[in-house]
Amino acid sequence: MKPAEKLVMMANQIARNLAVQGEEKAVAGTATHIRMFWDPRMRAGIHAHLAAGGEGLDPTARRAIEQLPPVSYP
63 MKPAEKLVMM ANQIARNLAV QGEEKAVAGT ATHIRMFWDP RMRAGIHAHL AAGGEGLDPT
123 ARRAIEQLPP VSYP
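Okay, so the sequence shown: first residue is 63 according to my numbering, each after it adds one.
Misleading hints may appear alongside valid ones.
To be verified - Cβ-Cβ distance ranges computed for the label pairs, FRET-style:
1) Q75 <-> Q129: 25 to 35 Å
2) P65 <-> P132: 26 to 36 Å
3) K68 <-> R97: 12 to 22 Å
4) S134 <-> V82: 10 to 20 Å
5) G84 <-> K64: 11 to 21 Å
6) M63 <-> F99: 16 to 26 Å
7) Q129 <-> R103: 27 to 37 Å
8) P102 <-> K64: 28 to 38 Å
9) Q75 <-> E128: 15 to 25 Å
10) M71 <-> M98: 14 to 24 Å
11) G84 <-> S134: 17 to 27 Å
12) A81 <-> E117: 30 to 40 Å
By construction, these hints were calculated from the structure, which means they are not laboratory data.
Every residue gets a Cβ at the ideal spot worked out from N, C-alpha and C, and that includes glycine.
Using the sequences and the hints, build the whole thing.
What follows is the structure in structure tokens.
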């Protein structure tokens, strides 16, 4: 599994687990989880994947990632 695929899988799992709270809360909760618990390399990787089209991202995960500030990581 490629690193981007693993990040997509993880973001989608978070979004699906929070879906019972409703769409808006799931988006906010997913964004908060990624911001608080993912290291900068992971956040930079998922941002790069989204910029390349975001293949495989669930709509909730996509919206959450779009809300996150960009991360600069070498």
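Broken hints, by number: 1, 2, 4, 5, 7, 8, 11, 12
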